[in-house]
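There are 2 protein chains.
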Amino acid sequence: MTPEWSPRCTTDPTPRERPAAQAALDSATERVELTPGTFLMPGLVDLHIHAPQWPQLGTGLDLPLERWLFDYTFPLEARYADTEFAAAVWDDLVPSLLAMGTTTAVYFSSNHLEATTALARACARHGQRALVGRVAMDHPDGTPEWYRDATASAGVEASKASIEAVKAVGSRRVEPIITPRFAPACTDALLEGLGELAAATGVRVQTHCAESDWHCDYALDRFGVSDSTALNRFGLVRPHTVLAHSDHLTADEMAIVAGQGAGVAHCPLSNAYFANAVFGVRKALAAGVGVGLGSDIAGGARPGLLGGCQDAVTVSRMLEDGVDPALGAPQRGVPESRIDTVAALWLATAGGAAVADLPVGLIESGRCFDAMAVRTDRPGGAIRLWDGIDDEARAFEKVVRLATTDDISHVWVDGKSVKQ
Amino acid sequence: MTPEWSPRCTTDPTPRERPAAQAALDSATERVELTPGTFLMPGLVDLHIHAPQWPQLGTGLDLPLERWLFDYTFPLEARYADTEFAAAVWDDLVPSLLAMGTTTAVYFSSNHLEATTALARACARHGQRALVGRVAMDHPDGTPEWYRDATASAGVEASKASIEAVKAVGSRRVEPIITPRFAPACTDALLEGLGELAAATGVRVQTHCAESDWHCDYALDRFGVSDSTALNRFGLVRPHTVLAHSDHLTADEMAIVAGQGAGVAHCPLSNAYFANAVFGVRKALAAGVGVGLGSDIAGGARPGLLGGCQDAVTVSRMLEDGVDPALGAPQRGVPESRIDTVAALWLATAGGAAVADLPVGLIESGRCFDAMAVRTDRPGGAIRLWDGIDDEARAFEKVVRLATTDDISHVWVDGKSVKQ
Numbered sequence: 279m280t281p282e283w284s285p286r287c288t289t290d291p292t293p294r295e296r297p298a299a300q301a302a303l304d305s306a307t308e309r310v311e312l313t314p315g316t317f318l319m320p321g322l323v324d325l326h327i328h329a330p331q332w333p334q335l336g337t338g339l340d341l342p343l344e345r346w347l348f349d350y351t352f353p354l355e356a357r358y359a360d361t362e363f364a365a366a367v368w369d370d371l372v373p374s375l376l377a378m379g380t381t382t383a384v385y386f387s388s389n390h391l392e393a394t395t396a397l398a399r400a401c402a403r404h405g406q407r408a409l410v411g412r413v414a415m416d417h418p419d420g421t422p423e424w425y426r427d428a429t430a431s432a433g434v435e436a437s438k439a440s441i442e443a444v445k446a447v448g449s450r451r452v453e454p455i456i457t458p459r460f461a462p463a464c465t466d467a468l469l470e471g472l473g474e475l476a477a478a479t480g481v482r483v484q485t486h487c488a489e490s491d492w493h494c495d496y497a498l499d500r501f502g503v504s505d506s507t508a509l510n511r512f513g514l515v516r517p518h519t520v521l522a523h524s525d526h527l528t529a530d531e532m533a534i535v536a537g538q539g540a541g542v543a544h545c546p547l548s549n550a551y552f553a554n555a556v557f558g559v560r561k562a563l564a565a566g567v568g569v570g571l572g573s574d575i576a577g578g579a580r581p582g583l584l585g586g587c588q589d590a591v592t593v594s595r596m597l598e599d600g601v602d603p604a605l606g607a608p609q610r611g612v613p614e615s616r617i618d619t620v621a622a623l624w625l626a627t628a629g630g631a632a633v634a635d636l637p638v639g640l641i642e643s644g645r646c647f648d649a650m651a652v653r654t655d656r657p658g659g660a661i662r663l664w665d666g667i668d669d670e671a672r673a674f675e676k677v678v679r680l681a682t683t684d685d686i687s688h689v690w691v692d693g694k695s696v697k698q
Numbered sequence: 279m280t281p282e283w284s285p286r287c288t289t290d291p292t293p294r295e296r297p298a299a300q301a302a303l304d305s306a307t308e309r310v311e312l313t314p315g316t317f318l319m320p321g322l323v324d325l326h327i328h329a330p331q332w333p334q335l336g337t338g339l340d341l342p343l344e345r346w347l348f349d350y351t352f353p354l355e356a357r358y359a360d361t362e363f364a365a366a367v368w369d370d371l372v373p374s375l376l377a378m379g380t381t382t383a384v385y386f387s388s389n390h391l392e393a394t395t396a397l398a399r400a401c402a403r404h405g406q407r408a409l410v411g412r413v414a415m416d417h418p419d420g421t422p423e424w425y426r427d428a429t430a431s432a433g434v435e436a437s438k439a440s441i442e443a444v445k446a447v448g449s450r451r452v453e454p455i456i457t458p459r460f461a462p463a464c465t466d467a468l469l470e471g472l473g474e475l476a477a478a479t480g481v482r483v484q485t486h487c488a489e490s491d492w493h494c495d496y497a498l499d500r501f502g503v504s505d506s507t508a509l510n511r512f513g514l515v516r517p518h519t520v521l522a523h524s525d526h527l528t529a530d531e532m533a534i535v536a537g538q539g540a541g542v543a544h545c546p547l548s549n550a551y552f553a554n555a556v557f558g559v560r561k562a563l564a565a566g567v568g569v570g571l572g573s574d575i576a577g578g579a580r581p582g583l584l585g586g587c588q589d590a591v592t593v594s595r596m597l598e599d600g601v602d603p604a605l606g607a608p609q610r611g612v613p614e615s616r617i618d619t620v621a622a623l624w625l626a627t628a629g630g631a632a633v634a635d636l637p638v639g640l641i642e643s644g645r646c647f648d649a650m651a652v653r654t655d656r657p658g659g660a661i662r663l664w665d666g667i668d669d670e671a672r673a674f675e676k677v678v679r680l681a682t683t684d685d686i687s688h689v690w691v692d693g694k695s696v697k698q
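From first to last, the protein sequence lines stand for chains A and B.
If you're matching positions, the first sequence starts at 279 in my numbering and goes up one per residue.
If you're matching positions, the second sequence starts at 279 in my numbering and goes up one per residue.
Just so you know, not all the hints are guaranteed correct.
Said to hold, decoys possible - Far from chain B by the CB rule (all over 10 Å, computed), these chain A residues:
1. T337
2. G338
3. D340
4. A428
5. T429
6. A467
7. A477
8. G480
9. T507
10. D530
11. G537
12. L563
13. A564
14. G566
15. P603
16. G644
Said to hold, decoys possible - Pairs of lysine-lysine residues, derived as DSBU-like cross-links and limited to a Cα-Cα distance of at most 35 Å, are as follows:
17. B:K561 - A:K561
18. A:K697 - B:K697
19. A:K694 - A:K445
20. B:K438 - B:K694
21. A:K438 - A:K697
22. A:K697 - A:K445
Source of the hints: derived by calculation from the structure; they are not laboratory data.
Just so you know, these numbers come straight off a predicted model, no measurement behind them.
We put the beta carbon where it would ideally sit given N, CA and C, even for glycine.
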């Protein structure tokens, strides 16, 4: 099918002023006929992916966060000093995620400048829209000696250099993002320096925020204020800052986040593993906080965001009802927490696009054509549409609930086919 | 690969006395070469499937149980009065589940005798090991007028007839199971009559037990005792009775269930939707209760049990840590509740086989060869094994976490290939 409107495709905040790019894209328009029963949907915006953790996807998920980080994650991430290894992983990761419908990816790369630039290049080459951040981390207690920035100033300088290097890749779909890992991994000087860098450059920021009991207690102990308040004081909670997790934000902290125009990458599956609690999507939205979804690869072991939508609905039901049968029902859960499948897909598309300020997430005139087509009739697939049983709403729910990568027949970014 | 030992395949409690069947099977042995990197695993034993709900899989999961039952489920199940419709669904359901590795299925069929017999025939024809139960339900308050047994005695008679009809299908892998839907859908007379039928025939029983706050309150209100105690008084908690859900069992009730030799079909995903709590696997195992996994199609919207394993780990973590960030950590969860991936797969195979008393669930001499082979190298799949990173334990975890139906290359029941 050909959309009536022309795809318009840039992450520039003033896209209407770029007629040259527009003309280039108009000429690239191609006609694709979708078979009957195929759903055309916006591409998925994954707000939280640790790119270097791709090789560990699906492992170690019985461990507490500290062991998971120090035994599995940091040793793996340290290997990306080898840029050849990094490039091989990126060349598998990026097309794999595109095939799953992840048209936009917000990446934590590793601590390495070269590997991070290589990730930006891989996104540009394979056609994925992306924000790519070199991970800054220098705290002698929160990081291993063999995997950190040598000093705070070295960390700020490398982050600055990474911004330039990602921009130099030259794709309008691939932008840098300033990425302090999380407060426990960063000294005050690094956090402050990165806040200043964000103010000076206007480049977006991402970090982990208020994820677990340990994380929150740590921040309170070190800063005397909550994690989000500390991040805000360092100038890191800014317009379109992506705060991953944030499940322990209080109402007051949500007001600050909303007031700054920052948003949350809700990672429902990793909430179950590393957060000790579930993020309250409806409370956050009611407080004016922007919310999108993140897979949190590899803390979340489902790489595509359709699985993330399923998990978002599931954990919202569990937040509403509670988990411990020994408690009385009124003590057990948080009333009015549940979301439905439509809301979950909204988070994974338009919601995430708004958090990151990208002109995608809906198929409508004025936005880039980042989209995917999902078959409902693949032999061997789990989706079944039954005459006289499934209306359009139920069919939609089945697609979000049951589609796997193999059911996604087409994926487009900026109107260009990106699924091989 | 050829197993060293001969497949021995029957659900007869005295299998060693059947040399004729043994000889027939020995002659059917065929040699299959698996490609390197392929995992051979026991077939999955799904202890709780509502076969007639297959067409609604993935829909209505934002609804509370009552609306889900009366708006979606009962109208659909009532359609199975049309045996032709039923046969068409079964001919899709059974091979679909086999392709997902579900070598054993414990089915709730519909309320209809003919449709239930047709389901048993479909299992026999497609080669699935199964327990097939006609659903008995007659309570004027808990069921709609247009979908129930006319009287308690009619319900008992139809259940008796269904036992005979399933046996008459003549497959040693397909057996009947007595299936009162759940106490709220059955009068005392029906529950009592089915308890007597179980005692008289020795046929296994399955039902829902202590699933939700509503279910538990209802039982207490009607019987003056808990749901499991009432079921036990009606003679329905017997050796190898499969009690679905059971998340609200107290320690005392677990002791009764264990004492009777009954077991639990733990349905982790549907716990999140309809149970108001999470079943404590470790508490139950410590109390001597047998536990296996159920998909609870369609209350659980993931049809294969590998997804069920993932969900079992996930909800166990959420039970341990709790969900409500406003509660202090000590009030929030239930310590020592989490299980790992190995335990989850054990539940989905050997655990379930023990609950249902079937000679499957492990690949070892003395059990039937119900198994599946999972590829780790399928183009387009999510599993990646990396040199120098993934040892065998991690590779196993990736298979359970990331395999989809398309990664399952072979499925065998009784040594016979059953995946097309």
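Now the hints, each set against the structure:
1. With 10 Å as the threshold on Cβ separation, the claim that A:T337 sits away from chain B is violated: the shortest Cβ distance comes to roughly 5 Å.
2. Under the 10 Å C-beta cut-off, the non-interface status given to A:G338 relative to chain B is violated; the minimum distance is some 8 Å.
3. The beta carbon of A:D340 sits about 4 Å from the closest Cβ of chain B, which is not more than 10 Å, so the claim that it is off the interface is violated.
4. Listed as a non-interface residue, A:A428 keeps its Cβ farther than 10 Å from every Cβ of chain B; the least gap is roughly 26 Å.
5. Annotated as non-interface, A:T429 keeps its C-beta farther than 10 Å from every C-beta of chain B; the closest such distance is 30 Å.
6. Distance check on A:A467: its Cβ is at least 30 Å (rounded) from any Cβ of chain B, clearing the 10 Å threshold; non-interface status holds.
7. Consistency note on A:A477: stated as away from chain B, and its beta-carbon is indeed over 10 Å from all of that chain's, at 30 Å minimum.
8. Non-interface call for A:G480 relative to chain B: holds, since the shortest CB-CB distance, roughly 32 Å, exceeds 10 Å.
9. With 10 Å as the threshold on Cβ separation, the claim that A:T507 sits away from chain B holds: the shortest Cβ distance comes to roughly 16 Å.
10. No Cβ of chain B approaches the Cβ of A:D530 within 10 Å, the least distance being about 13 Å, so the stated non-interface status holds.
11. For A:G537, the shortest C-beta to C-beta distance to chain B comes to about 20 Å, beyond the 10 Å cut-off, and the non-interface label holds.
12. The claim that A:L563 is not at the interface with chain B holds, since no C-beta of that chain comes within 10 Å of its own (minimum 16 Å).
13. Taking the minimum C-beta to C-beta distance to chain B, about 15 Å, the non-interface status of A:A564 holds against the 10 Å cut.
14. Even its closest Cβ contact with chain B, about 19 Å, leaves A:G566 beyond 10 Å, as expected for a residue assigned away from the interface.
15. Taking the minimum C-beta to C-beta distance to chain B, about 4 Å, the non-interface status of A:P603 is violated against the 10 Å cut.
16. Non-interface status of A:G644 relative to chain B is upheld: no Cβ of that chain comes within 10 Å, the nearest being about 30 Å off.
17. For the hint linking B:K561 to A:K561, the alpha-carbon distance of about 33 Å falls within 35 Å, and the restraint holds.
18. About 28 Å separates the Cα atoms of A:K697 and B:K697, which keeps this hinted pair within 35 Å; it holds.
19. For the hint pairing A:K694 with A:K445, the CA-to-CA distance comes to about 21 Å; that is within 35 Å, so the pair holds.
20. Only pairs whose Cα atoms come within 35 Å are accepted, and B:K438 paired with B:K694 is accepted, the gap being roughly 31 Å.
21. Restraint check for A:K438 and A:K697: satisfied, since their Cα atoms lie roughly 33 Å apart, inside the 35 Å limit.
22. A C-alpha spacing of about 25 Å is found between A:K697 and A:K445, which places the hinted pair at or below 35 Å, so the restraint holds.
Figure legend: structure checked against the earlier numbered hints; hints not met, in rising order: 1, 2, 3 and 15.
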